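Protein chains: 4
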Amino acid sequence: MNEEATNGETFRFPLRVYYEDTDAAGVVYYANYLKFMERARTEWLAALGFDLAEFEQSHGVLFVVARMEIEYRAPARLGDRLEATLRLIELGRARMVALQDVRRGASALAQARVTLGCIDRGDWRPTRIPAVLHGRLEKIR
Amino acid sequence: MNEEATNGETFRFPLRVYYEDTDAAGVVYYANYLKFMERARTEWLAALGFDLAEFEQSHGVLFVVARMEIEYRAPARLGDRLEATLRLIELGRARMVALQDVRRGASALAQARVTLGCIDRGDWRPTRIPAVLHGRLEKIR
Amino acid sequence: MNEEATNGETFRFPLRVYYEDTDAAGVVYYANYLKFMERARTEWLAALGFDLAEFEQSHGVLFVVARMEIEYRAPARLGDRLEATLRLIELGRARMVALQDVRRGASALAQARVTLGCIDRGDWRPTRIPAVLHGRLEKIR
Amino acid sequence: MNEEATNGETFRFPLRVYYEDTDAAGVVYYANYLKFMERARTEWLAALGFDLAEFEQSHGVLFVVARMEIEYRAPARLGDRLEATLRLIELGRARMVALQDVRRGASALAQARVTLGCIDRGDWRPTRIPAVLHGRLEKIR
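From first to last, the protein sequence lines are chains A, B, C and D. Residue 14 in the working numbering sits at position 27 of the first sequence, and the numbers go up by one each step. Residue 93 in the working numbering sits at position 106 of the second sequence, and the numbers go up by one each step. Residue 40 in the working numbering sits at position 53 of the third sequence, and the numbers go up by one each step. Residue 35 in the working numbering sits at position 48 of the fourth sequence, and the numbers go up by one each step.
It should be emphasised that the hints constitute simulated quantities derived from the structure, not laboratory data. If you're wondering where the values come from, they're calculated on a predicted model, not measured in any experiment. Heads up, a few of these hints could be off.
[Said to hold, decoys possible] If you want a taste of the chain C side facing chain D, the calculated C-beta under 10 Å gives, among others: (1) 12; (2) 21; (3) 40; (4) 51; (5) 61; (6) 102.
[Said to hold, decoys possible] What follows is a list of derived Cβ distance ranges for each label pair: (7) D:111 - C:112: 42 to 52 Å; (8) A:47 - C:121: 30 to 40 Å; (9) A:84 - B:45: 38 to 48 Å; (10) D:36 - B:109: 25 to 35 Å; (11) D:111 - B:68: 33 to 43 Å; (12) C:93 - B:118: 36 to 46 Å; (13) C:61 - A:38: 37 to 47 Å; (14) A:44 - C:82: 27 to 37 Å; (15) C:111 - A:110: 20 to 30 Å; (16) A:61 - D:86: 31 to 41 Å; (17) B:127 - A:123: 49 to 59 Å.
[Stated by the list, open to error] Short derived list, chain D residues pointing at chain C, Cβ under 7 Å: (18) 21; (19) 49; (20) 52; (21) 57; (22) 58.
Even glycine gets a Cβ: it sits at the ideal position worked out from N, Cα and C.
The shape of chain A in the complex, shown without the other chains (with noise of 0.2 Å):
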């Protein structure tokens, strides 16, 4: 748990870029920025001391992306170090909205708004986000 990365801050994360991550055009294809933001945000987790797969399952619980609004602003290149970012705008019972970006240096590449969703695992319904990282979320907001 990295109380300084996360509290009241912007969690950072870097990446890479592969080959695996770009297209044709030589830059990285536009649907890969949100595999990037979620990696950001499980690791964001991991920092705040909840391991996103066993808080799942022992929860019954699923985060899902409700909403997106991501502008594109800037190409990443092969062989580029990123960084995705999250910072948590909204906290609500069953809801959480971050900013994220991916930024190269200073210059964010592309941005987000994330509207996180808690749903129960069975029927796939909203569901309140367990207290335990509730609780712990409210401090960071």
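Since the structure of chain A is already known, use the hints to place chains B, C and D on it.
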């Protein structure tokens, strides 16, 4: 060229969900809807008479997603037969906006508003949509 | 069910190369040929009358790739129209071997020998290929 | 450059399994092991002092997988911490062969023998591995 399918109409492209599209939650992974929508954009252009790869090469342009808003409503599952759709709603000189969804039967599983930019292949800057395509698109808006 | 397409014959499934399939070298990324081949396996079973997702669910099995040898001969490019093929060459009680390739016209771009195992969904151990499918496959070997 | 990590030794690159890597069977999708192995190849070259993207660009070459034999032994699952490894076993003028695996702890989940070819970026024909890299690789075989 399929006039009926595109002129003032919503273009539809059939899809099937394979293992490659799914994730450990048992559903289509959220980034893969963007792949489905890109396939539909390519096939829409093909239906209008334009081979994307050839067109971009010969005109020295690329079409890139500049912005996307996507709402995930219900999950698609392994083996599902889906449709990815496209309807052009705005046409500028270097930009266009399309509504796209991924649906199973009458039910939209994911809905998006996609802003596409036309850029110069060399300097990666906005450039006019080549006249032959712009003229064709004006007729179907 | 398409008897002609499968009985003693090579099954063929048409594909088109989209941006998602390519990489910064301008060609189809090497791992994506495995996706193409998996699509062909799924469609081959469908042509034999078996919906893979339903079949695995109802029989409590999974088909997994146990071994693969693949040779990459020539690159596929954006916009290419390809075929992924399959020919069953060995059929055991819990395993089968297929030859698969990805071709453009008469030219095989990638050729593979794929060993598929049938496993129990619960304990992930080898188990017999369900009789209804095994019987069907014996006829086309 | 990390001499210890590569000289006569097996190179190891750490990985974590995210949702993007998994499929509806609850495990890592078979094609994605090839992505893991490619990441390890890129990082192995980086550890030897060669940035793949820069090197290919400046020398006018590409490294492509010509042949791969892969055995899948046990599944990797969401959240797993894995290692992708590489050991160079053959070095020719225009080809090299590496053993690679993806392991969780001491257990190899997938094992591969990968033949890489060096080709000319222009005509896509086999060409000599540039001397600066070939010399470096001779020392670690």
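Here is what the structure says about each hint:
1. 12: holds, 5 Å
2. 21: Since chain D brings a Cβ to about 4 Å from residue 21 of chain C, closer than 10 Å, the hint holds.
3. 40: Result: holds, 8 Å to nearest chain D Cβ.
4. 51: Since the shortest Cβ distance to chain D is 7 Å, the answer is holds.
5. 61: holds, 8 Å
6. 102: holds, 9 Å
7. D:111 - C:112: 42 to 52 Å: holds, 44 Å
8. A:47 - C:121: 30 to 40 Å: holds, 37 Å
9. A:84 - B:45: 38 to 48 Å: holds, 43 Å
10. D:36 - B:109: 25 to 35 Å: Since the Cβ atoms of residue 36 of chain D and residue 109 of chain B sit about 32 Å apart, the hinted range of 25 to 35 Å holds.
11. D:111 - B:68: 33 to 43 Å: At roughly 38 Å between Cβ atoms, residue 68 of chain B and residue 111 of chain D fall inside 33 to 43 Å, so the hint holds.
12. C:93 - B:118: 36 to 46 Å: holds, 38 Å
13. C:61 - A:38: 37 to 47 Å: Cβ of residue 61 of chain C to Cβ of residue 38 of chain A: about 44 Å, so the range 37 to 47 Å holds.
14. A:44 - C:82: 27 to 37 Å: At roughly 31 Å between Cβ atoms, residue 82 of chain C and residue 44 of chain A fall inside 27 to 37 Å, so the hint holds.
15. C:111 - A:110: 20 to 30 Å: At 27 Å between Cβs, range holds.
16. A:61 - D:86: 31 to 41 Å: holds, 39 Å
17. B:127 - A:123: 49 to 59 Å: Holds: the Cβ-Cβ distance is about 51 Å, inside 49 to 59 Å.
18. 21: Nearest chain C Cβ about 4 Å off; hint holds.
19. 49: holds, 5 Å
20. 52: Holds, about 5 Å.
21. 57: This hint holds: residue 57 of chain D lies near chain C, its Cβ roughly 5 Å from the closest one there, short of 7 Å.
22. 58: holds, 5 Å
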